Amino acid sequence: MKTLSIDLVAGIVLLAAALVLPLTGMDYLVGIAFNLAMWVALTQSWSILSAMTGYVSLGHVVFCGIGAYMVALTTGSLPLAASLGFAGLAAGVSALVIGLPVLRVRGPYFVILTFGLAELVKNVIVQIETGLGQFSRLIFDAPPLNSLYLVMLGLAVAVTVAAVFVRHSKLGRGLIAIRENEEAAEAIGVPVIRLKLIAFVAAAIIPGIVGGVMLLRTSYFEAAQAFDPVISFSIVTMAIVGGSGSARGPILGAFAFVLLSELLWARFPQLYMIILGILLILFILFVPRGLSGLLDRKEARQ
Amino acid sequence: MSGPIEPLLAVKGLSSGYGPVTILREIDIEAAPGSVTALVGANGAGKTTLMKTIAGLIPAWTGEIRFDGQDITRAATHHRVDQGIVLVPEGRMVFALLSVEQNLRLGAIAPRARKNVSERLEDTFRRFPRLHERKGQLAGSMSGGEQQMLAIGRGLMAKPRIILLDEPTLGLAPIMVKQVFAVIEDLRKDGYTILLSEQNSRLALEIADYGYILENGRVQLSGPGPELVDMPDVRRLYLGR
Numbered sequence: 001m002k003t004l005s006i007d008l009v010a011g012i013v014l015l016a017a018a019l020v021l022p023l024t025g026m027d028y029l030v031g032i033a034f035n036l037a038m039w040v041a042l043t044q045s046w047s048i049l050s051a052m053t054g055y056v057s058l059g060h061v062v063f064c065g066i067g068a069y070m071v072a073l074t075t076g077s078l079p080l081a082a083s084l085g086f087a088g089l090a091a092g093v094s095a096l097v098i099g100l101p102v103l104r105v106r107g108p109y110f111v112i113l114t115f116g117l118a119e120l121v122k123n124v125i126v127q128i129e130t131g132l133g134q135f136s137r138l139i140f141d142a143p144p145l146n147s148l149y150l151v152m153l154g155l156a157v158a159v160t161v162a163a164v165f166v167r168h169s170k171l172g173r174g175l176i177a178i179r180e181n182e183e184a185a186e187a188i189g190v191p192v193i194r195l196k197l198i199a200f201v202a203a204a205i206i207p208g209i210v211g212g213v214m215l216l217r218t219s220y221f222e223a224a225q226a227f228d229p230v231i232s233f234s235i236v237t238m239a240i241v242g243g244s245g246s247a248r249g250p251i252l253g254a255f256a257f258v259l260l261s262e263l264l265w266a267r268f269p270q271l272y273m274i275i276l277g278i279l280l281i282l283f284i285l286f287v288p289r290g291l292s293g294l295l296d297r298k299e300a301r302q
Numbered sequence: 001m002s003g004p005i006e007p008l009l010a011v012k013g014l015s016s017g018y019g020p021v022t023i024l025r026e027i028d029i030e031a032a033p034g035s036v037t038a039l040v041g042a043n044g045a046g047k048t049t050l051m052k053t054i055a056g057l058i059p060a061w062t063g064e065i066r067f068d069g070q071d072i073t074r075a076a077t078h079h080r081v082d083q084g085i086v087l088v089p090e091g092r093m094v095f096a097l098l099s100v101e102q103n104l105r106l107g108a109i110a111p112r113a114r115k116n117v118s119e120r121l122e123d124t125f126r127r128f129p130r131l132h133e134r135k136g137q138l139a140g141s142m143s144g145g146e147q148q149m150l151a152i153g154r155g156l157m158a159k160p161r162i163i164l165l166d167e168p169t170l171g172l173a174p175i176m177v178k179q180v181f182a183v184i185e186d187l188r189k190d191g192y193t194i195l196l197s198e199q200n201s202r203l204a205l206e207i208a209d210y211g212y213i214l215e216n217g218r219v220q221l222s223g224p225g226p227e228l229v230d231m232p233d234v235r236r237l238y239l240g241r
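Read top to bottom, the protein sequences are chains U and Z. The opening position of the first sequence corresponds to residue 1 in full-length UniProt numbering, with each subsequent residue numbered one higher. The opening position of the second sequence corresponds to residue 1 in full-length UniProt numbering, with each subsequent residue numbered one higher.
Since the hints were derived computationally from the structure, they do not count as laboratory data. Mixed in with the good hints there might be a few duds.
Subject to a maximum C-alpha distance of 30 angstroms in a straight line, what follows is the list of computed BS3-like cross-link-like pairs (lysine-lysine) [as the list claims (entries may be wrong)]:
1) Z:K189 <-> Z:K178
2) Z:K159 <-> Z:K115
3) Z:K135 <-> U:K170
4) Z:K12 <-> Z:K135
5) Z:K12 <-> U:K170
6) U:K170 <-> Z:K189
7) Z:K115 <-> Z:K12
8) Z:K159 <-> Z:K178
9) U:K298 <-> Z:K12
10) Z:K115 <-> Z:K135
Quick look at which bits of chain Z chain U covers, simulated, 3 or more residues with Cβ under 8 angstroms [as the list claims (entries may be wrong)]:
11) 30-41
12) 195-201
Here the structure is a predicted model, which means the values were calculated and not measured. All residues carry an ideal CB built from backbone N, CA and C; glycine is no exception.
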């Protein structure tokens, strides 16, 4: 309870700072904050499925890509809000369709299958675009950075609230039972197929919208970029660095990742991926519960 | 078989298996309310497959399963649990990284069990004082016997009308085996209906109201438990004496 209230205060302070930021007029900072909110939203949504159920997805970017593609196709002919809503809907429906077959396999097979599926969808859309003679689609009249930032911030807050809610709900307890032992979960009456599918779809909707907003920020769509597997890898990295035992893990992971990226890009652009890789290995070996787990231990000692 | 009393569970002509492999062939068994019904037989006779098919973890290929007069042959596992059919699986399958209390509370996840969870938790702790002492401990760090008690306790949290106890003494020390059988007799005294699968044939048949001997996926013999123990053929073929 005490931890929750500290987290709540920290969250409100953070949110207030985030809301004031655009007033400073410093686009560079707003750009960083935009990225931060984006990674929080993506990692938090990933954790609803993967951290809760133990079904580790290495293809989370597929929902971003689908959302981005939907916005690329509909922007101009639909109001922007409808376009983004459509992006979330398309991602959710895709999750519903691919979820049933995909969620039948567990462990490393699920990891490989999600990765392969994301690559498959990417290449299908690359082919479609090539067939249509489109190599990239430019988006005109994208809203200014400040507006996009506020939308992204709203998504990050919404998915964080959803993640806290899921963790403390009956759904969350069912998902934890599935993670711990799926057969035992089934034997005690957890409707495992239904719950896994609900988590899969819930985890897909937000990244669909996030993908749409990302597209508006870069203002052009190119399939290989919208479905870049590095996005999936980064999400998993942030979840590991931040720790996924609580809803604050993905936030801590995104902060560490984005701030470090800024520093490394500025000073050692060639060493960027190498340093990130080393960090990931160190965390897996020595801090398996992530930054959030470190904080838990510190609080427990006090 | 069980006289004028309607059986709580009735399995008729049941076949099932894994993939192309048939394990159960034309199984007929019944369990009378408030009784202990034992399934005994060698490893590979099909006891666990039968338990899993009754619980719905494996689909039935042919035949039917009736519970309290209702056909549940095609019902999903969670619907069966919600009717009161609760499997305590072979190998215990406690949630190793969760605490004893969390394990027990998860047992009450079925809609029928969601009311009065705290009272049922108290009841379970009274039945298994050891679990109360260890309620904050990780389930995986307990001994095999304690984990078995936890698995049974978790099953009781679901408000079962029939408990499917699959190999509850597997791998336990002799003193724990005795305790598990004492728990089974207590549960019967409290009115629970129990279907018990055991490789410990003699002990199981001695306490069972009715017993079935399985061999190669078929019911080979059946009768009141103590009568089966006394049959010379049973002694020679199944009890090793």
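A quick look at each hint next to the structure:
no.: 1; hint: Z:K189 <-> Z:K178; result: holds, 17 angstroms
no.: 2; hint: Z:K159 <-> Z:K115; result: holds, 10 angstroms
no.: 3; hint: Z:K135 <-> U:K170; result: holds, 21 angstroms
no.: 4; hint: Z:K12 <-> Z:K135; result: violated, 41 angstroms
no.: 5; hint: Z:K12 <-> U:K170; result: violated, 36 angstroms
no.: 6; hint: U:K170 <-> Z:K189; result: violated, 33 angstroms
no.: 7; hint: Z:K115 <-> Z:K12; result: violated, 34 angstroms
no.: 8; hint: Z:K159 <-> Z:K178; result: holds, 25 angstroms
no.: 9; hint: U:K298 <-> Z:K12; result: violated, 60 angstroms
no.: 10; hint: Z:K115 <-> Z:K135; result: holds, 21 angstroms
no.: 11; hint: 30-41; result: violated (count 0)
no.: 12; hint: 195-201; result: violated (count 0)
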